[in-house]
Amino acid sequence: MIKMKKYALTFFIALLFPGAFVSMGRAQSSSSFDMFKDDISEKLPGLSKLIDSAVANSPEMQFGNLQVSIDKRNLHTIKSQWTNNFGVQANYGYGTFDYLYNSTAGGNTPPTYTLNSSLSQYGVGAYLRIPFDQIFNRSNQVKMGHEVIEQAKTLVETENRKIRDQVIHLYNDLILKQRLLQIKSRYLETSRINMQMAEKGFLNGTVSIDNYSQVTEIATRTESDFEMAKTEFLTSYMMLEELTGMKFNIYNEIHKQ
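Using this note's numbering, the letters of the sequence shown correspond one by one to residues 308 to 564.
Just so you know, not all the hints are guaranteed correct.
DSBU-like mimics (lysine-lysine), calculated; alpha carbons at most 35 Å apart, straight line [stated by the list, open to error]: (1) Lys356 with Lys379; (2) Lys344 with Lys507; (3) Lys537 with Lys507; (4) Lys469 with Lys344; (5) Lys507 with Lys379; (6) Lys507 with Lys350; (7) Lys460 with Lys386; (8) Lys356 with Lys507.
FRET-style restraints, in silico, Cβ to Cβ [said to hold, decoys possible]: (9) Ser427 with Gln388: 54 to 64 Å; (10) Ile377 with Ile490: 49 to 59 Å; (11) Thr384 with Ser427: 34 to 44 Å; (12) Phe343 with Met546: 15 to 25 Å; (13) Ile525 with Leu373: 53 to 63 Å; (14) Lys460 with Asp359: 16 to 26 Å; (15) Lys460 with Lys356: 44 to 54 Å.
These aren't lab readings, by the way, just hints derived from the structure by calculation.
For every residue, glycine included, the Cβ atom is placed at its ideal position computed from N, Cα and C.
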């Protein structure tokens, strides 16, 4: 008897609140994201992680860091240019040489002899140059090299701050777009209920055609505003993924809703 009463009470609750058991089943079986109820900030990584990922994913930052590295190497080259002004030079040669030999004695024409021999020749020496323009201009060139590096670092830092601003803006904009979407979603539900009541009243003759047209116009505008808000929310979501190079793995869940 007790079991029968329990089942009867459960059946009665199910009739009054049919969505309650569906919601409980969803909550127990899945932790999927509902963009009309859940807070997306709880599904996203922390803001600092988003910023770090966006900086690492930025081609401009990669280019700037490479430019700093190149400028440092150029400065090292400038500092070592003085070694080009002295050094040791060596050369080596090998070949066959022909010699023509004759001798005149007593008015007689002696025979001519041709000789050849193979010889190797080499030489080693040191050199020293004193370019006065490089001597007096070296400190200026080194200073300019340091300034070029600092300029490149400043550009990198500027790009870093720009990316930080973009991530912060997109992050807050995404949260705002979701809240606006949730508001418009509730307004849409109310508008649909009003539309259903207006249709019934119009068919029953209790609602005039002017009032029915007004409710229809409001419902249409509400539907349009809802779709616009949903599109803006999805756009902000995709832009944040693109900027950070991260996948939040909730797009498919959002897209189905």
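Verification of the supplied hints:
1. For the hint linking Lys356 to Lys379, the alpha-carbon distance of about 30 Å falls within 35 Å, and the restraint holds.
2. At most 35 Å may separate the alpha-carbon atoms for a hinted pair to count; Lys344 and Lys507 meet this at roughly 30 Å.
3. Taking the CA atoms of Lys537 and Lys507, the gap is about 29 Å. The hint holds against a cut of 35 Å.
4. For the given pair, Lys469 sits about 32 Å from Lys344 by alpha-carbon distance, which is consistent with the 35 Å threshold.
5. At roughly 78 Å between alpha-carbon atoms, Lys507 and Lys379 are farther apart than 35 Å, so this suggested pair is violated.
6. In summary, the hint linking Lys507 to Lys350 is not supported, as the alpha carbons are separated by about 42 Å, beyond the 35 Å threshold.
7. Straight-line distance between C-alpha atoms of Lys460 and Lys386 comes to about 20 Å, which keeps the hinted pair within the 35 Å bound.
8. Note on Lys356 and Lys507: the hinted pairing is violated, with a Cα-Cα distance of about 53 Å set against a maximum of 35 Å.
9. Our hint of 54 to 64 Å for Ser427 and Gln388 is violated, since their Cβ atoms are close to 36 Å apart.
10. With their beta carbons about 52 Å apart, Ile377 and Ile490 fall inside the hinted range of 49 to 59 Å.
11. Between Thr384 and Ser427 the C-beta distance comes to about 38 Å, which sits within the given range of 34 to 44 Å.
12. Checked against the given bound of 15 to 25 Å, the beta carbons of Phe343 and Met546, roughly 21 Å apart, stay inside it.
13. At about 57 Å, the CB distance of Ile525 to Leu373 agrees with the hint of 53 to 63 Å.
14. Roughly 19 Å separates the CB atoms of Lys460 and Asp359, a value that falls within the hinted 16 to 26 Å.
15. About 24 Å separates the C-beta atoms of Lys460 and Lys356, a value inconsistent with the hinted range of 44 to 54 Å.
The structure is inconsistent with the numbered hints 5, 6, 8, 9 and 15, although it conforms to all the rest.
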